[in-house]
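**Student:** If you read the protein sequences in the order shown, they are chains A and B.
Start counting the first sequence at 461; every next residue gets the next number (this note's numbering).
Start counting the second sequence at 5; every next residue gets the next number (this note's numbering).
By construction, these hints were calculated from the structure, which means they are not laboratory data.
Please note: incorrect hints may appear among the correct ones.
Claimed, not checked - The calculated DMTMM-like cross-link candidates involving lysine to aspartate or glutamate, where the alpha carbons are at most 25 Å apart (straight line), are:
1. A:K685 x B:E52
2. A:K685 x B:D14
3. A:K685 x B:D65
4. B:K41 x A:D728
5. A:K685 x B:D47
6. A:K711 x A:E508
Said to hold, decoys possible - Away from chain B, derived, C-beta distances all over 10 Å, residues of chain A:
7. G526
8. R553
9. R721
Everything numeric in this text was worked out from a predicted model, so none of it was measured.
All C-beta atoms, glycine included, are put in the ideal place defined by N, C-alpha and C.
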Amino acid sequence: MADTLAAMVQSRAKAGAPHPTLTIRDVGELAAAAGVTRREVELCALAEGVVPRRYLRNIGTLGVEGQLKLRRARVAVIGAGGLGGALVELLARLGVGALVVADGDTFTEDNLNRQLLSTEGTIGEGKAAAAAERVSRINSAVEVLPHKMFVDDANADGFLLGCDLVIDALDNIPSRLVLQRAAARLRIPFIHGAIAGFVGELMTVFPGDRGLEVLYGEAAHAPEKGIEVTVGTPTVTPVAVAALQAAEAVKVITGTGELMRDRVLFIDLETGSSSTLELSPRGGAR
Amino acid sequence: MRVTVQTVSDLSHHFGSGEFQVTLPARSVGDLLDHLKQAYGFDLAAHEHTMLFLNGRGCVDLSRPLRDGDHVAIVPILAAG
């Protein structure tokens, strides 16, 4: 079957330099003809060195092998608000294979300033479902598993099972700690992002790293909210931090670049500055 | 002794820099905070949702002794998504 699909891909591929390519229409028709998903067609194509045109501008940076790794990956985006909405958009365009999106919330008017999945027409509708709808319009070869649920200790493992990466797009510290614990239990890398006002932060936590427990303190003593209580959540900051998280996701999945482990990157969009806080891997407040 | 102080975003405005060195006879983290209050008008107690780190570890005990070369960071707590 794989040989047959490979032969079908090769016969349909358009000659091109440096890579032969497939159009969206080619992928759809091959999937229908072979009785497989669009994602399976794209996986087969990339393995054959044939690049779906939609990823052509990624290849110079990611390489065909990097794109193939992204297409194979299953990523959980937990929270589909300001960070999560932008992450879903970016990961779908990057060509991540499957997205698990969990958010129990529905859109309200005060989400419209920053949450890319919200529109005037979707006020009152679920955020996770909106993510699935958006991805289907951007990249129909990405599988989406939406969950209209808030993450907690009881359900977190169920969301994350089988994922290669977890991205923290939540809006409160206790839930972020719950998510990090679940990711550690399942041995899945975890990418943290948070914002308030014009300031954002980024950190990548691998299983065994203490991560958020160093940053925020142990769960029992960690605060719930931060300075967003007074400075709010303006339009630009979540999109900027989501882009940093997505870049970190690419590096984790493709095994390239430098990761933000045991350190927190702070960006300040008001001053155009950034700084890195080095954390002690041993962690804990004292 | 000489310690490095790192701050982020609005907190930096008090000091004119996000990272600077302080030379002082301070013996504890609390002594350093007293110095920052007197020299720069920065009162940590007035900044809710702020965390203090000593050499990369959260610091809640202000009596902790400081040593030459220590790194103290004062950063905002961010939690929104």
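**Student:** Determine for every hint whether it applies to the structure shown.
**Tutor:** Each hint, compared with the structure:
no.: 1; hint: A:K685 x B:E52; result: holds, 10 Å
no.: 2; hint: A:K685 x B:D14; result: holds, 18 Å
no.: 3; hint: A:K685 x B:D65; result: holds, 21 Å
no.: 4; hint: B:K41 x A:D728; result: holds, 24 Å
no.: 5; hint: A:K685 x B:D47; result: holds, 21 Å
no.: 6; hint: A:K711 x A:E508; result: holds, 23 Å
no.: 7; hint: G526; result: holds, 27 Å
no.: 8; hint: R553; result: holds, 20 Å
no.: 9; hint: R721; result: holds, 13 Å
Consistency note: the structure conflicts with none of the earlier hints.
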